[in-house]
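Residue numbers (my numbering), protein chains in the order written: chain A, 63 to 425; chain B, 377 to 678.
Read the hints as simulated data drawn from the structure, not as lab findings.
Values in this document were obtained by computation on a predicted structure and should not be read as measured data.
Keep in mind that the hints are not guaranteed to be accurate.
[To be verified] Selected chain B positions facing chain A (Cβ under 7 Å, derived; list incomplete):
hint, residue
1, Y445
2, P451
3, F612
4, K650
Positions of the beta carbon are idealized from the N, C-alpha and C atoms, including for glycine.
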Amino acid sequence: MLLRTLSSRRLWLLAIYAALAVVLFCAPLVLSDFRLNLLAKFLAYAIVALGLDLIWGYTGILSLGHGVFFGLGGYAMAMYLKLEASGGKLPDFMDWSGLTALPWFWKPFGSIGFALAAGILLPALLALVLGYVTFRNRIRGVYFTILTQALVIITVTLFVGQQAYTGGTNGVTGYSKLFGYSLASPDTKRWLYFVTVAVLIGAFLLCRFIVKSRFGKVLRAIRDGENRVRFIGYNPAIYQMVAFAISAGLAGVAGMLFVLHVGIISPSMMGIVPSIEMVLWVAIGGRGTLGGAVLGAVLLNSAKSTFSESYPEMWTLFLGALFVVVVVFLPKGAAGLFGSLKGFVRRGKESDERANGVRNPAV
Amino acid sequence: MDVVVLQLFNGISVSSILLLIALGLSVTFGLMKVINMAHGELIMIGAYTAYVVQNLFNSYMPSSLFGWYFVLAIPASFIIAFVFGLVLEMSLIRFLYGRPLDSLLATWGVGLMLQQIARSIFGAPNVGVTSPEWLNGGVTALGGVVFPYKRLFILGLVLVCLIFMYVYIYRSHSGRRMRAVMQNREMAACLGISTRRVDAVTFAIGSGIAGIAGCALTLIGPIGPSIGTYYIVDAFMVVVLGGVGKLVGTVFGAFGIGMSNTLFEYWTTASLGKVLVFLCIVAFLQWKPSGLVAMRSRSLDN
Chain A
63 MLLRTLSSRR LWLLAIYAAL AVVLFCAPLV LSDFRLNLLA KFLAYAIVAL
113 GLDLIWGYTG ILSLGHGVFF GLGGYAMAMY LKLEASGGKL PDFMDWSGLT
163 ALPWFWKPFG SIGFALAAGI LLPALLALVL GYVTFRNRIR GVYFTILTQA
213 LVIITVTLFV GQQAYTGGTN GVTGYSKLFG YSLASPDTKR WLYFVTVAVL
263 IGAFLLCRFI VKSRFGKVLR AIRDGENRVR FIGYNPAIYQ MVAFAISAGL
313 AGVAGMLFVL HVGIISPSMM GIVPSIEMVL WVAIGGRGTL GGAVLGAVLL
363 NSAKSTFSES YPEMWTLFLG ALFVVVVVFL PKGAAGLFGS LKGFVRRGKE
413 SDERANGVRN PAV
Chain B
377 MDVVVLQLFN GISVSSILLL IALGLSVTFG LMKVINMAHG ELIMIGAYTA
427 YVVQNLFNSY MPSSLFGWYF VLAIPASFII AFVFGLVLEM SLIRFLYGRP
477 LDSLLATWGV GLMLQQIARS IFGAPNVGVT SPEWLNGGVT ALGGVVFPYK
527 RLFILGLVLV CLIFMYVYIY RSHSGRRMRA VMQNREMAAC LGISTRRVDA
577 VTFAIGSGIA GIAGCALTLI GPIGPSIGTY YIVDAFMVVV LGGVGKLVGT
627 VFGAFGIGMS NTLFEYWTTA SLGKVLVFLC IVAFLQWKPS GLVAMRSRSL
677 DN
């Protein structure tokens, strides 16, 4: 009985996911180029949300530093594009800052393979190091969150301060071509959109695989009772580090895609406010559900772009109020709302318990 | 020699401001495990209160009395921020006890709203507060180094707040109740302490001190809606470094971060200095993961 309901539920879920994927692939047919570009940007954000959900929703560790990982990925891609655009000469902002030769750490970014690898591995490595020095010493919860926030501050000051190497507050912008195709042409944009959808689906499958695996079970166990997991004989620190690194790597991927769509990366995109907004996407969608994270990122950003165009001041107030309402009244987010609605409709069935009882709100 | 004295004085000055901001934080964080990200906005409220008091003096009082507005501004900022804190605790924070990370997110939302409201009332650009006449100038010490009166005044203010906090926490009845709740909430409740009220009052006092900090910041530079965000993360680092729940820890944390910040920035550049301070903090936490002075507790998860 249980098995049968489970499998039919699973079939439904699969059907819904497949339908959503088809919708995403068909979006270019109905959307204008501008809207398509916007959607592509939101889908890139959704990849960050997936990673964040992995570490926050499933492992119970709140990171406010994902802006940094996102930014590192973005800068890796931007450095490649910039070198491509300047065609062997010194990038313009270095020229203005009085540099005469390309800095050594810029040189390898001339190759796309290195840039792509760096965009994923640099954030993951940074996360691994930060995770090593914190989780090993059982610095967790609030302390870890504050440390990640400090990481954001120092990264932003560093990037702003080292203007000659990073472009300062303006960031890195002004690139034109990818593999010889113009980035501005609608055709390239459409292709980039498809790439983003494919990467998003890939990231979703990866996260789903992780969550369903034994590794994912340990992560949830850590979220619900870290010390118990330790007493059973696991070392939570290793699991936390790996989850954090994967999460950071996903943010890096998203940053790379973001640069391709938007054409600029600057320190303001990795600051405190964007980092916290990323957390809100997950909170809105529902932490501990992967679909919710994607949904939250797309929904909130769509709302933001339609809302803030006409009422830029109201948006900030609205965003703040949203934080308060979601955190206090809807700790499970939109997915939780959906779950309790479903439970309300077919009250008394055992599936009700399954839908609601599984997820404790992560601390 | 002059340089050393000057850097030391600068370090102490920065540390004292950090201490003033972190004092309120360590009280709310230590007692209630609430991460109040709106603390920065309470600082802003204090700063704008000083601005309003100044404007009131400007329009309604004879100009000979103008210099004394600051004496009134300090208690006024304390009271206004205190009331704000009380309202915030009653309306929001009390639903979030036991959920520290949630409290962080919710209070960040509150902070965002307060910033926007301030922007609507006072305008987005920074406003200046004229320091009173008697705080201009400074003492010339050995070797021709000038210590500005403003910085010395802030130093004195911090000292007074510190003494007040010490007396309140360690020498008064309500402070004793506060410490009891901090150490063992259930036991304190069993002994008839209204933890509800202790929470509210403590949070309000922490907020009030943030207000004083904001008032002090008006002496240093112009104030704007986002004045609090510059300091808030540093202040949290002070609390993390110093350990939660003891005044001594906060004092050492503030001086550790303030002094090293000034020195590293003097030796390298501003941005590299920040990186070095952060690395030092992380390195220090490897040695003492729960900060310099930690409360001893037998509970497993705290």
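Hint-by-hint comparison with the structure:
Here the hint on B/Y445 is broken, as its CB sits about 31 Å from the closest CB of chain A, past 7 Å. Given the 7 Å rule on beta carbons, the hint for B/P451 is violated: about 29 Å separates it from the nearest Cβ of chain A. Interface hint at B/F612: satisfied, since its Cβ lies 5 Å from the closest Cβ of chain A, which is below the 7 Å cut-off. A hinted interface residue such as B/K650 counts as satisfied when its beta carbon comes closer than 7 Å to some beta carbon of chain A; here the least separation is about 5 Å, so the hint holds.
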